[in-house]
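**Q** Be aware that the sequence shown starts at 846, since it is given in my numbering, and climbs by one per residue.
Wrong hints could be hidden among the right ones.
Claimed, not checked - The calculated lysine-lysine pairs, modelled on DSS-like cross-linking and capped at a C-alpha distance of 27 Å, are:
#, residue 1, residue 2
1, K920, K907
2, K907, K869
3, K885, K912
4, K869, K912
5, K888, K912
6, K920, K869
7, K885, K907
8, K888, K869
9, K920, K885
10, K907, K888
11, K920, K888
12, K885, K869
It should be emphasised that the hints constitute simulated quantities derived from the structure, not laboratory data.
Predicted model, so just to flag it, every value in this text is computed and none were measured.
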Amino acid sequence: MATGSVSVQCSVAGQDAEITVNLKNDNSWSTSPGAWMSVKSGKWIQAANAGVRLQDATGDTKVAYLKGLIFAQAKPSSGQFLYEAGGDAGTWRIR
846 MATGSVSVQC SVAGQDAEIT VNLKNDNSWS TSPGAWMSVK SGKWIQAANA GVRLQDATGD
906 TKVAYLKGLI FAQAKPSSGQ FLYEAGGDAG TWRIR
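Generate coordinates for the entire structure from the input sequences, incorporating the hints supplied.
**A** As structure tokens, this is what we get:
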């Protein structure tokens with residue numbers, strides 16, 4: 846299903862709260878200011894059919910990787926979340 850934006854819930858071990866990452870069709874992303882991720886917004890790229898990579902606004906820093914997420918085909922599903930900026934792994938899900 847083509848979409849204008851996708852909200853993805855992400856969690857990692859050691860963090861009490863699940864965060865929501867909002868992906869927009871202009872290839873920008875953001876999360877709430879109080880979220881545990883060190884970078885709160887930036888650009889995202891679709892890595893072929895392998896997943897979505899979150900980067901900082903300059904595109905120089907890899908923030909996280911949502912393995913298996915295909916933005917253009919987003920539907921309720923889940924997969925592995927790799928928080929590259931913090932070295933943690935967890936899960937992502939779309940309800």
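**Q** State for each hint whether it applies.
**A** Right, here's what the structure says about each hint:
For the hint linking K920 to K907, the alpha-carbon distance of about 24 Å falls within 27 Å, and the restraint holds. Among the hinted pairs, K907 with K869 is consistent with the structure: their alpha-carbon atoms are about 18 Å apart, no more than 27 Å. Taken as a hint, the K885 and K912 pair is honoured in the structure, with Cα atoms around 19 Å apart against an allowance of 27 Å. For the hint linking K869 to K912, the alpha-carbon distance of about 17 Å falls within 27 Å, and the restraint holds.
Restraint check for K888 and K912: the C-alpha separation of about 16 Å stays at or below 27 Å, so the hint holds. For the given pair, K920 sits about 15 Å from K869 by alpha-carbon distance, which is consistent with the 27 Å threshold. The straight-line distance between the Cα atoms of K885 and K907 is roughly 12 Å, inside the 27 Å bound, and the hint therefore holds. Proposed proximity of K888 and K869 is supported: the alpha carbons are some 9 Å apart, at most 27 Å.
A hinted pair counts as satisfied when its Cα atoms are at most 27 Å apart, and K920 with K885 qualifies at roughly 24 Å. For the hint pairing K907 with K888, the CA-to-CA distance comes to about 10 Å; that is within 27 Å, so the pair holds. Between the alpha carbons of K920 and K888 the distance comes to roughly 21 Å, so the proposed pair stays at or under 27 Å and holds. Distance hint between K885 and K869 is fulfilled; the C-alpha atoms sit about 14 Å from each other, no more than 27 Å.
Consistency with the previously given hints is maintained throughout, with no hint failing.
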